[in-house]
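Protein chains: 2
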Amino acid sequence: MDILQRGISINDKYLNPLQHHVYQPLKGFREFTDEAMASRNRVIEILKGVPQRFGFREIDIPSIEPLEIFKLKSGDEIVQQTFSFVDKGGREVTLIPETTPTVARLVASASKARQMPIKWYSFTKLWRYEEPQSGRFREFYQLNVDTFGSPDVRADAELIAVAAGILKALGLSPDVRIHISDRRLIDGYLDHVKAQDKRAVMRILDKRDKISSDEMKEMLSSTGLSRDVVETLCSLISIKGGIDDRLPEVESILGQSDATRRMSALSEMIEWYEVPEVCELDLGIVRGLDYYTSFIMEAHDIRGEYRALFGGGRYDELVSLFGGPSTPAVGFAIGDAILEILMRRAGTWDQGPLRTDCMVAVTDDSMYMHAVRLASRLREKGMIVETDLMRKKLARQLSYASAINARWVIIVGPREWSEKKVTLRNMKTGEQRSLTIDEAIDNVLKDT
Amino acid sequence: MDILQRGISINDKYLNPLQHHVYQPLKGFREFTDEAMASRNRVIEILKGVPQRFGFREIDIPSIEPLEIFKLKSGDEIVQQTFSFVDKGGREVTLIPETTPTVARLVASASKARQMPIKWYSFTKLWRYEEPQSGRFREFYQLNVDTFGSPDVRADAELIAVAAGILKALGLSPDVRIHISDRRLIDGYLDHVKAQDKRAVMRILDKRDKISSDEMKEMLSSTGLSRDVVETLCSLISIKGGIDDRLPEVESILGQSDATRRMSALSEMIEWYEVPEVCELDLGIVRGLDYYTSFIMEAHDIRGEYRALFGGGRYDELVSLFGGPSTPAVGFAIGDAILEILMRRAGTWDQGPLRTDCMVAVTDDSMYMHAVRLASRLREKGMIVETDLMRKKLARQLSYASAINARWVIIVGPREWSEKKVTLRNMKTGEQRSLTIDEAIDNVLKDT
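As given, the protein sequences belong to chains A and B, one line each in that order.
Residue numbering for the first sequence follows our numbering, beginning at 1 and increasing consecutively.
Residue numbering for the second sequence follows our numbering, beginning at 1 and increasing consecutively.
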């Protein structure tokens, strides 16, 4: 509170020369007034509510961390993509670009005293210093959902169910597919054929949607892979569809393995959760992060207009990287901005107006005391209620009630009040009735 | 998502030398695991819910802003108290230390298209580079509640009602008093007696609780005030108590004025809101900010153990400072950290455990499909339900259910299942019953 409590004078020297800077938010940063926020809050309720019902618990983490913990996970390159700086105490710090290192640290210290699994979610702001574009901001929110301590395919399946549940609740399941793979499949094959530069191969495979098949083959060959291997790789990454349908094809090329058996079990469980229709096998997804160890998933717009909505997978070695005990982990993350774009396209973004249950209006200043008390009674029942703060005439109070989308207006006037009555106006129909105070309150409580 | 999608390898060069840095959050920053967050979420629900019921609407603002907008309001001194830095684009920016400049900017652009008043709240993280101490962190949350567009005392009274409603809902009303004044009272008197250095006088008055009466008189005299004026000032700032009780005393010294008449109206309204018992007149509160124009309030711990909980007041000139139309405004802000300390002292901080409605356990791997489907049915009804992700033995599943505070466990075993039955265990009493599936579900839905 110190800044507020010190007597510091308003400084007008900045007013004129910097006016054009001062009144704009920074590039890539958003601000939301009440109506925009009402729409967003409905989405946030879903993003939090679905994992909640699966027993995931909310956690909250610092927005600034030592830069080292991100270098540790992602290498020095991360610095260029972060809002990092040296703080006034000389510490090299950064606004967090992702939550995983912090959450891994929290698990490392919490896991000693706990029964596994630990199931956590967070919904926090992240910051990345990147060029803003459609669906990508420098400041955004991200839901992270993670299960720690279970190496079992059950945990993978549950996370897919959470992700699919969110898509369904947002009205996006017709438009989005969750692509599923196991990074040991392609990786294992590349090991098997003794590929020289796996990293380069992965980078090329990741370009699948951007280059032609011939271009891809040429690029793959240039890494030293034989013509047969290139053909096989191209066959593998073109396998896409229902897991049960397409898994035999994978097995016919790669043989059975832990990875294919686990995929088969996953497919069965996805049916139990009744979400197979939003899932598909896709050996071509190459989530860049080296720390994924087996199961990976990535959600794609079926029309291909936008980049991946979200991604995740199993990262069994990350907690130990941060000094914790060896702890299997599986998780995914969804950013808020791309969701809004897809929901708007799908027509499921709710532009619904603000909710107000009742406005208590007065015909006369002397009635304001009664309006305040009546409003308090309704608020005690959880209603959203406003009174006139401007001493407006009745007609303008009604106009304001309409602007805030009030469902009801109770009008308090001296003559009626002396008979212990008020006028209840239904703002949808315009119908007005003279009722006792209790009748009016009951009406508002019953239908809001 | 770019950072995640690029193949960047885990970099172990940071592991050893920096281990002691890496695994600690920064000084003055907090992190909250699930149980701590559950306690906090109950408080957040109150902090948001009370203003919501008065029709205040949530907004959300950027966490980083051009540093100029804070200099504009608070002068260059602000820089030393902020997490400010030059971003990668060469912009002088800062993590926001308060919300007012941003909100004023938002109002300035939103107010053209709107009916007044605009009633907004935000609950956001703020950052201040100050020495951390009890109840003061470098990163904290703050609730801000503001009414724009109404110059009326009704708006002031409503904000006091919101603040008092929050204190009551948090169980703090016995421990906290909202001290109320009008800055024109002392200010007007100092103008009247032609005080040379009003700012110095205010700073001295602000030390009221830290120095003796004699020390204060001596310091006040040293600013050039006459002995009579010093005596009068000391009388004025010692006036404390019920507004109606003490206002006549103020009037006997200062005469009637707009400020005393407004205070009298405020006192009347506070009674309508039924919160006079938490309010008192206190001419000694000197909120430092020059931008307050009349009504000011500050909430104090009645035991005097902690600094002010929150403060606020009327600031009719700030929106125009940010280029908006002249817009009266009144608001207050509450930080989260001091609330937790006071609630712990008052015994109202809820250390309640996590909520889980039901765990669906299995006696046998083959039953897991049924457990998953049963869990889905309960989740569709909004229940918080977990299944076993670890293939634990039944006894250990029950132990986990107890650790997550599950109210019920449904045990699915092959023999019972073949008769379309399950065992329902009440985790409070340990009682177990064999029931049909629908009966078990009904029981869980009814009593969670």
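No lab work stands behind these hints, which were simulated from the structure alone.
A quick note: this is a predicted structure, and the numbers were derived from the prediction, not measured.
Among the hints, a few may not be true.
As the list claims (entries may be wrong) - Cross-link-like lysine-lysine pairs, in silico, DSS-like; alpha carbons within 27 Å at most:
no.	chain 1	residue 1	chain 2	residue 2
1	B	393	A	168
2	B	421	A	381
3	A	446	B	393
4	A	125	B	168
5	B	393	A	381
6	A	88	B	125
7	A	88	A	48
8	B	446	A	446
9	B	125	A	48
10	A	392	B	381
11	B	48	A	446
12	B	421	B	446
13	B	421	A	125
14	B	88	A	27
15	B	421	A	112
16	A	27	B	125
17	B	392	A	112
18	A	88	B	421
19	B	446	A	381
20	A	125	B	27
21	B	48	A	381
22	B	48	A	112
To be verified - Just a sample of chain B residues kept apart from chain A, beta carbon distances all over 10 Å, derived:
no.	residue
23	33
24	88
25	228
26	253
27	254
28	383
29	387
30	417
Said to hold, decoys possible - Computed Cβ-Cβ distance ranges for the label pairs, DEER-style:
no.	chain 1	residue 1	chain 2	residue 2	range
31	B	248	A	366	22 to 28 Å
32	A	271	B	403	43 to 49 Å
33	B	377	A	419	37 to 43 Å
34	B	396	A	169	31 to 37 Å
35	A	442	B	442	26 to 32 Å
36	A	24	B	303	44 to 50 Å
37	B	188	A	434	44 to 50 Å
Note that the Cβ used here is the ideal one computed from N, Cα and C, for glycine as well.
Exercise. So which hints don't hold here, by number, going up?
Worked result: 1, 2, 3, 4, 5, 7, 10, 13, 15, 18, 22, 23, 24, 28, 29, 32 and 33
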